[in-house]
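J.: In case you want the letters, here they are:
Protein chains: 2
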Amino acid sequence: MPRAEATRRPYPLAKVYGLLEPGPVVLMTTARRGHHNVMPMSWHTMIEFEPPLVGCVISDRNYSHATLKSTRQCVIAIPSVDIADQVVRCGNTSGRDVDKFATIGLTPLPASQVQAPLVAECFANLECRIFDTRMVNRYGLFVLEVVKAWIDPRRKGARTLHHRGWGSFMVAGETIRLPSRMR
Amino acid sequence: MPRAEATRRPYPLAKVYGLLEPGPVVLMTTARRGHHNVMPMSWHTMIEFEPPLVGCVISDRNYSHATLKSTRQCVIAIPSVDIADQVVRCGNTSGRDVDKFATIGLTPLPASQVQAPLVAECFANLECRIFDTRMVNRYGLFVLEVVKAWIDPRRKGARTLHHRGWGSFMVAGETIRLPSRMR
Chain E
5 MPRAEATRRP YPLAKVYGLL EPGPVVLMTT ARRGHHNVMP MSWHTMIEFE PPLVGCVISD
65 RNYSHATLKS TRQCVIAIPS VDIADQVVRC GNTSGRDVDK FATIGLTPLP ASQVQAPLVA
125 ECFANLECRI FDTRMVNRYG LFVLEVVKAW IDPRRKGART LHHRGWGSFM VAGETIRLPS
185 RMR
Chain S
5 MPRAEATRRP YPLAKVYGLL EPGPVVLMTT ARRGHHNVMP MSWHTMIEFE PPLVGCVISD
65 RNYSHATLKS TRQCVIAIPS VDIADQVVRC GNTSGRDVDK FATIGLTPLP ASQVQAPLVA
125 ECFANLECRI FDTRMVNRYG LFVLEVVKAW IDPRRKGART LHHRGWGSFM VAGETIRLPS
185 RMR
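As they're listed, the protein sequences go chains E and S.
With my numbering as the guide, the letters of the first sequence map in order to residues 5 to 187.
With my numbering as the guide, the letters of the second sequence map in order to residues 5 to 187.
The set of hints was computed from the structure by calculation and includes no laboratory data.
Beyond 12 angstroms from chain E on every Cβ pair, some chain S residues (computed):
{"id": "1", "residue": "T11"}
{"id": "2", "residue": "K73"}
{"id": "3", "residue": "T75"}
{"id": "4", "residue": "R100"}
{"id": "5", "residue": "D101"}
{"id": "6", "residue": "F105"}
{"id": "7", "residue": "T107"}
{"id": "8", "residue": "G109"}
{"id": "9", "residue": "P112"}
{"id": "10", "residue": "P114"}
To spell it out: a stretch of chain S is covered by chain E in this simulated footprint if at least three of its residues, at any positions, have a beta carbon under 8 angstroms from a beta carbon of chain E; those stretches are:
{"id": "11", "stretch": "26-37"}
{"id": "12", "stretch": "41-55"}
{"id": "13", "stretch": "171-182"}
Treat the numbers as computed from the prediction; the structure is a model and nothing was measured.
For glycine and all other residues, C-beta sits at the position ideal for the given N, C-alpha and C.
Model the full structure from these sequences, guided by the hints.
T.: The structure is reproduced here in C-alpha cells:
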C-alpha cells in the first residue's frame, strides 16, 4: 500500500470539528484479522472540541458494528461528491459478503495509530479509538476520540454529500462568512 | 400570537430524520415561566428513525441547558439561509441578558405539545420532549423524542446553513438522486 504521507498532511485535532459539524456523509472503515470493511454513515455529531470526541450511531445490523466493538478502532473518512457512486455502492452491499474496498474500487492506506485503513479517495481521514461504549447497547451510540487527522491539501474546498434519505443527497454549496463569534 | 396552522402543516414523524440528517444549524427554543429563549446548535444527530430520537449536545455554559433540563421540553426549528443574520445574532447574545426573540426579530408561535415556542421564520419546527438524560452530566448530551413536526409547505427546498466554525457557514447546494437503497 502507498504511504498516507504521499498525498496527505496531518490536520490539527482542534480543527476537526469544522469537518464533521456541517453533517457530511462519512465512510467508516474497520479492520479485523487483515480483513477491511467500509460503510457509509450519517448519524454522527461532535461531542467535544478537543480532544475531538464524536458520537456515532451504528446499528447492530451493520457488519461494522461488531468489528468496531471488538477492535475499538476505526477511521472516519470524508468523501466528496466526486466519489458519490462509490459511497452509494458502499451502502448497498454488506462487508459480510464481499471485500468492499476491492469490489467498489476504493484504496485502503495504512493509518498511523489504528489498524483500520484510511481511504485514499477521501479528502479527510480521522483515525479514531473508542472512548465510551456505555450507550452502545441502548442506542448503538459509540463515543469515539479522534487521535490523528489527515487532510489532502490538493482537495481544499471539496464538496461533501449530505444524506436526505432514499437516494436523495444534498451537495455542499457555497461557503459564506458571517459575523458569528461561535467557535 | 398567530396560530401555527395558518402557515404550517403537520409533517410525518417517520420523515423527520431527512430534515436533520444532512446536518443543518438548528435553533433550539425553550420556555420557562413565560420566558422564551432561543439558541443556535449544530451538535446533533439522529439516534432512531421512529419515534424520532435526536441526540443534542448543549454545553452547560448555555442558558438553555438549565431550562431544557428542568422543563424537559424544547422545539428544534430549522432556519434557512434567508434568516442567517438572525441565526448569527442568536449565537452572539445570551438569553440571560435579553429577550432574544424580540431583540433579534423572530416570531414565537404556540406549539401543540410543549410550552417552548415554534419559530415562525423557520421552515420546519420539531416539538421535542426529553427521552433520556443519562449522558447529560458527562457530555451535555440530551436524547430528545420528536413528538410533533411541522413544515411550511411554501418553503419547500429551503437552503439550510451548515456551520464550519468562526463565522464560516456552508449553504446547502443542489439535491441529487443516486441509486441508494439506504433509508
